[in-house]
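The whole structure should be built from the sequences, with the hints applied where relevant.
Okay, here's what each chain looks like letter by letter:
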Amino acid sequence: MSKELAVASGFSEHRCILLPVDQHIVEIVSDSGEGAQTCGQMFGALCAKSGFGVWTVEIIPAEIEPPARSRAGASGNRIRIGSQPVTNAGDCADLVVAFNEQVVYSRIDAGALRAGTLLFLDNCWASDPDPSIRSMYAEAVEDFLRRGYEVSEIPVQEQCRQYTEDPRRGKNMWVLGMLCALYDLDMDLVRRELAQRFARKGDAVIQKNLALLEGGHNWTVKQVERRFHVPARKPAQPMVVMNGNQALGLGIMAAGIELCSMYPITPATSASHFLASVFEQVGGFVHQAEDEIAAIGFAIGASYAGKTAVTITSGPGLALKTEFLGLAVMAEIPLVVVVVQRGGPSTGLPTKIEQGDLLASLYGSPGDSPKIVLAPATIEECFHFMVLARKLAEEFRGPVIVLSDANLATGQQPFPRPSPSLSWLAPPVDQNDWNPDVPPFAWDPKTGLSKRPVPGQKGGEYVLTGLAHDEHSHVAYESAINQRAMEMRSRKLAVLRSALRPPAVHGDAEGDLLVVGWGSTLGAIEEAVDRLRAEGWRVSSLHLRFLSPLEPGLPEIFARFRRVMTVEINYSDTPGQPYIEEGSRRYAQLATLLRAQTLVDVDCWSRVPGSPLPPGAIVEALRPRLEAITRNREVESCTA
Amino acid sequence: MYGLNLDWEIEPGPRTCTLEDYKGAEARWCPGCGDHAVLNAVHRLARDERWPTERTVVVSGIGCSSRFPHYMSTYGFHGLHGRALPVACGIRSRRPDLDVIVITGDGDCCAIGTAHWIHAIRYNMNLTVLLLDNNIYGLTKSQTSPTTRFGEKSNTHPKGSFFASLNPISVTLGIPNASFVAQTIDWNPPHLYATIKAAHRHQGTSFVRILQRCPHFTPHVFAPAQQDLNQVLLMTHAEGIQLEEPARKLFPNCVEHDPRDLAAARRLADREDVYPVGLFYRKEGALRYDEHTATGIDFTPQQKLDALNRILDRFRI
Chain A
1 MSKELAVASG
11 FSEHRCILLP
21 VDQHIVEIVS
31 DSGEGAQTCG
41 QMFGALCAKS
51 GFGVWTVEII
61 PAEIEPPARS
71 RAGASGNRIR
81 IGSQPVTNAG
91 DCADLVVAFN
101 EQVVYSRIDA
111 GALRAGTLLF
121 LDNCWASDPD
131 PSIRSMYAEA
141 VEDFLRRGYE
151 VSEIPVQEQC
161 RQYTEDPRRG
171 KNMWVLGMLC
181 ALYDLDMDLV
191 RRELAQRFAR
201 KGDAVIQKNL
211 ALLEGGHNWT
221 VKQVERRFHV
231 PARKPAQPMV
241 VMNGNQALGL
251 GIMAAGIELC
261 SMYPITPATS
271 ASHFLASVFE
281 QVGGFVHQAE
291 DEIAAIGFAI
301 GASYAGKTAV
311 TITSGPGLAL
321 KTEFLGLAVM
331 AEIPLVVVVV
341 QRGGPSTGLP
351 TKIEQGDLLA
361 SLYGSPGDSP
371 KIVLAPATIE
381 ECFHFMVLAR
391 KLAEEFRGPV
401 IVLSDANLAT
411 GQQPFPRPSP
421 SLSWLAPPVD
431 QNDWNPDVPP
441 FAWDPKTGLS
451 KRPVPGQKGG
461 EYVLTGLAHD
471 EHSHVAYESA
481 INQRAMEMRS
491 RKLAVLRSAL
501 RPPAVHGDAE
511 GDLLVVGWGS
521 TLGAIEEAVD
531 RLRAEGWRVS
541 SLHLRFLSPL
551 EPGLPEIFAR
561 FRRVMTVEIN
571 YSDTPGQPYI
581 EEGSRRYAQL
591 ATLLRAQTLV
601 DVDCWSRVPG
611 SPLPPGAIVE
621 ALRPRLEAIT
631 RNREVESCTA
Chain B
641 MYGLNLDWEI
651 EPGPRTCTLE
661 DYKGAEARWC
671 PGCGDHAVLN
681 AVHRLARDER
691 WPTERTVVVS
701 GIGCSSRFPH
711 YMSTYGFHGL
721 HGRALPVACG
731 IRSRRPDLDV
741 IVITGDGDCC
751 AIGTAHWIHA
761 IRYNMNLTVL
771 LLDNNIYGLT
781 KSQTSPTTRF
791 GEKSNTHPKG
801 SFFASLNPIS
811 VTLGIPNASF
821 VAQTIDWNPP
831 HLYATIKAAH
841 RHQGTSFVRI
851 LQRCPHFTPH
861 VFAPAQQDLN
871 QVLLMTHAEG
881 IQLEEPARKL
891 FPNCVEHDPR
901 DLAAARRLAD
911 REDVYPVGLF
921 YRKEGALRYD
931 EHTATGIDFT
941 PQQKLDALNR
951 ILDRFRI
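Chains A and B supply the protein sequences, listed in that same order. Under my numbering, think of the first position of the first sequence as 1, with each following residue one higher. Under my numbering, think of the first position of the second sequence as 641, with each following residue one higher.
By construction, these hints were calculated from the structure, which means they are not laboratory data. One thing to keep in mind: the hints can contain errors.
[As the list claims (entries may be wrong)] Derived pair list, reagent style SDA-like, types lysine to any residue, alpha-carbon separation capped at 20 Å:
id : chain 1 : residue 1 : chain 2 : residue 2
1  : A       : Lys458    : B       : Arg687
2  : A       : Lys201    : A       : Arg191
3  : A       : Lys458    : B       : Lys837
4  : B       : Lys923    : B       : Ala903
5  : A       : Lys458    : B       : Thr656
6  : B       : Lys781    : A       : Leu467
7  : B       : Lys663    : A       : His472
8  : A       : Lys446    : A       : Gln483
9  : A       : Lys391    : A       : Leu550
10 : B       : Lys837    : B       : Ala903
11 : B       : Lys923    : B       : Gly936
12 : B       : Lys663    : A       : Val475
13 : B       : Lys663    : A       : Asp437
14 : A       : Lys451    : A       : Pro436
[Claimed, not checked] Interface residues of chain B toward chain A, partial, derived using beta-carbon atoms under 10 Å:
id : residue
15 : Ala665
16 : Trp669
17 : Pro692
18 : Thr693
19 : Pro709
20 : Leu725
21 : Gly730
22 : Arg734
23 : Arg735
24 : Val740
25 : Ala755
26 : Ile937
27 : Gln943
28 : Ala947
29 : Ile951
30 : Ile957
Think of the CB as a built atom: it goes at the ideal place given N, C-alpha and C, for glycine as much as any other residue.
Next comes the structure, spelled out in structure tokens:
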């Protein structure tokens, strides 16, 4: 796809072949603890700072200390870079740097390599004192060649020995230098970034890492002929780069939220780690509670007392929080709840991606507990949805659940630097006296909306209760009062929906197939749709951000397509399997919701691979459906 | 003030408070229930100390005693079973100006809410915690509670409880950073009042277990102690709970106990022959978590915005 050009590089004494590429997928994999993740994160950030489009995905081992040289221990990062903004992790890697041959097999198992993938492999194992390791390595290299990878055995460990006594802890910086040479990054930028990254660890650590970095860079310039040139686009506006959990943390601060009450749970905790490191600077506080229930209870207490609070969790924590969520609905307590989804049920796949908590968020509480549920689709939205969520929680007086996932949490992406405003940071309520004639739940008869008094406001004294209550918050078991109170709480969702616009369709407004998605799959779905459209298929997509209430206009949009289906990362039955027929088939979660809400026969394709859906896999899932629809259309037009 | 609308202010005297100022809905506990006595004591203390109703929050869980906030005219939070303490800690976390009182029961605190009890004691935020312990689940009609005595019959254990009962005082005295641990009885109003008053004055989490009669399900549990004054042991000390002389005469059985002596407090708490009442333990200057949680509450939006912009710029490309 790219023609080879011989270009005189900046290092003019070394000839190199510069290959211009529009986009490239790079993976760095090592044993857990060898620092490939740090290397990958830094390379991703450097690419973003160089003006490339970037999307990164962490490759996370399932265990904390897996054995060395094992498939289960593969740890690292995938970085997809491009001259245009990159919206997802893509399909197969173009270039892989691996610290041993066994971790490569883990990536092969994940379908991450293809014939032609450039594989840089540390050759230290070829001379390992253990003969069994030597032979495993030799066999693997032969196998890799047979599989069609372009294998380059490189002396990473040997080179690192020049700069450090423990090369196992220095390889990652050497490889970073190598990647910077391969992609022709500005080394001044790289040095600055490295110095900043290790600033806290002191000058000696910086110097050692710089030596490794320069070592890797110089070796590559001399020894590797091939380089890749990604045309960088300098963005018109100031940009930032971060992962989704950092974006959540910054969004929390920008939203004027001053308390984060949490209990440690993967993959949500890193958002709290980030907050704990900076929250004090904006006057905020992170409370680590004794359990998930106490975490939401503490946040609810603070919110009841007129402070802005968030609790951050993942699926198992959401399950434990359901009773308090019900109380927040019942007693109309504003609260932002962030759920960074992982694989479930139960402990499931703690570090892996899934979109399995949609229905639990909507319907997880006993009784009728209408609440707002949002799902950011990009890392940028992780930031802005926090500001939105706080506003909605206060305006609509209740909990707002924001569903992120492990893909957004750990992925990095550049986006325009937000400009926070003073109005976002204003405290929710003042402490002026409350008119004692106004009850604490003065429900507007049309909208169900009401204002709340908070402790400190004279004249507003009331007893909040989780029992059924009237507008004075007095316990009330009378049927008419219960019916009315339920109506008022439910009405608020309809009011919010009336203020929303119908979602935009990606592609033509009509066609054969409409793909509906939510959350982090946005980029992969749109890329798949674009590829299929380029092949001539009549397919479009639509991505929902509001799941409760659902965005308006869906039946009208759906009616302009022959078929509608969702693509999701959660479990659904596959038609054709034993016992699975139309009556017994369990649909994916958004599909279930859309079928119930729109009465349209919404189909679905969903998988639970524990990793993001690659656009290529979506293309392969959609194509047979498009073929079938087209066949039917031709049959119909013939009979007509 | 006084029905006058003036554009100048006179310095009004302290608010004249009556019991009526603190009464909420009419209490619906059974006649003879010890909860009435606790409510009366709190009403009296609020009046005597002129608590501002708008800055007082009474937080409870679920159970008979947890109806308490409804019978106060202050702010109240009648939340979930076992979860009064996390809510109270959250209220206190960013509002040091609020006076937070927690009402809980033996099921609420010592069964479903045990984790929160242990950790709230460690946090030692400024809360007054009243554990109304009647040795039974009353609201749900007689089930064994953690403080129900071994062999005591209930609807869940018709042949008698299988368990050694839990002593809330011993447990609390075993938690690091406990700073105020006292016990009192609902049937002696002066001692009840004096204990709650001392607890409320304490800076930190004050934990008061109130032996509370349930006339319906456990009338026999505390009746002997009510009849035989010697079954109650009054702990006296200049640093302890102070009683007027007439009230003190109702306690023929006394022991001098220095509330700074934790080991002696634990020995007294473990006594099974008598109910010790008074102050077991008080520690001044114990770590206070609420001194940390309130960090930054005085930040202005402008200060926040400036800091936020600095942090955001670290992510600039």
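Comparing the hints with the structure gives:
no.: 1; hint: A:Lys458 / B:Arg687; verdict: holds (17 Å)
no.: 2; hint: A:Lys201 / A:Arg191; verdict: holds (15 Å)
no.: 3; hint: A:Lys458 / B:Lys837; verdict: violated (24 Å)
no.: 4; hint: B:Lys923 / B:Ala903; verdict: holds (13 Å)
no.: 5; hint: A:Lys458 / B:Thr656; verdict: holds (16 Å)
no.: 6; hint: B:Lys781 / A:Leu467; verdict: holds (19 Å)
no.: 7; hint: B:Lys663 / A:His472; verdict: holds (16 Å)
no.: 8; hint: A:Lys446 / A:Gln483; verdict: holds (15 Å)
no.: 9; hint: A:Lys391 / A:Leu550; verdict: holds (18 Å)
no.: 10; hint: B:Lys837 / B:Ala903; verdict: violated (25 Å)
no.: 11; hint: B:Lys923 / B:Gly936; verdict: violated (27 Å)
no.: 12; hint: B:Lys663 / A:Val475; verdict: holds (16 Å)
no.: 13; hint: B:Lys663 / A:Asp437; verdict: holds (18 Å)
no.: 14; hint: A:Lys451 / A:Pro436; verdict: holds (13 Å)
no.: 15; hint: Ala665; verdict: holds (7 Å)
no.: 16; hint: Trp669; verdict: violated (14 Å)
no.: 17; hint: Pro692; verdict: holds (8 Å)
no.: 18; hint: Thr693; verdict: holds (5 Å)
no.: 19; hint: Pro709; verdict: holds (5 Å)
no.: 20; hint: Leu725; verdict: holds (8 Å)
no.: 21; hint: Gly730; verdict: holds (2 Å)
no.: 22; hint: Arg734; verdict: holds (4 Å)
no.: 23; hint: Arg735; verdict: holds (5 Å)
no.: 24; hint: Val740; verdict: holds (9 Å)
no.: 25; hint: Ala755; verdict: holds (5 Å)
no.: 26; hint: Ile937; verdict: holds (7 Å)
no.: 27; hint: Gln943; verdict: holds (7 Å)
no.: 28; hint: Ala947; verdict: holds (4 Å)
no.: 29; hint: Ile951; verdict: holds (5 Å)
no.: 30; hint: Ile957; verdict: holds (4 Å)
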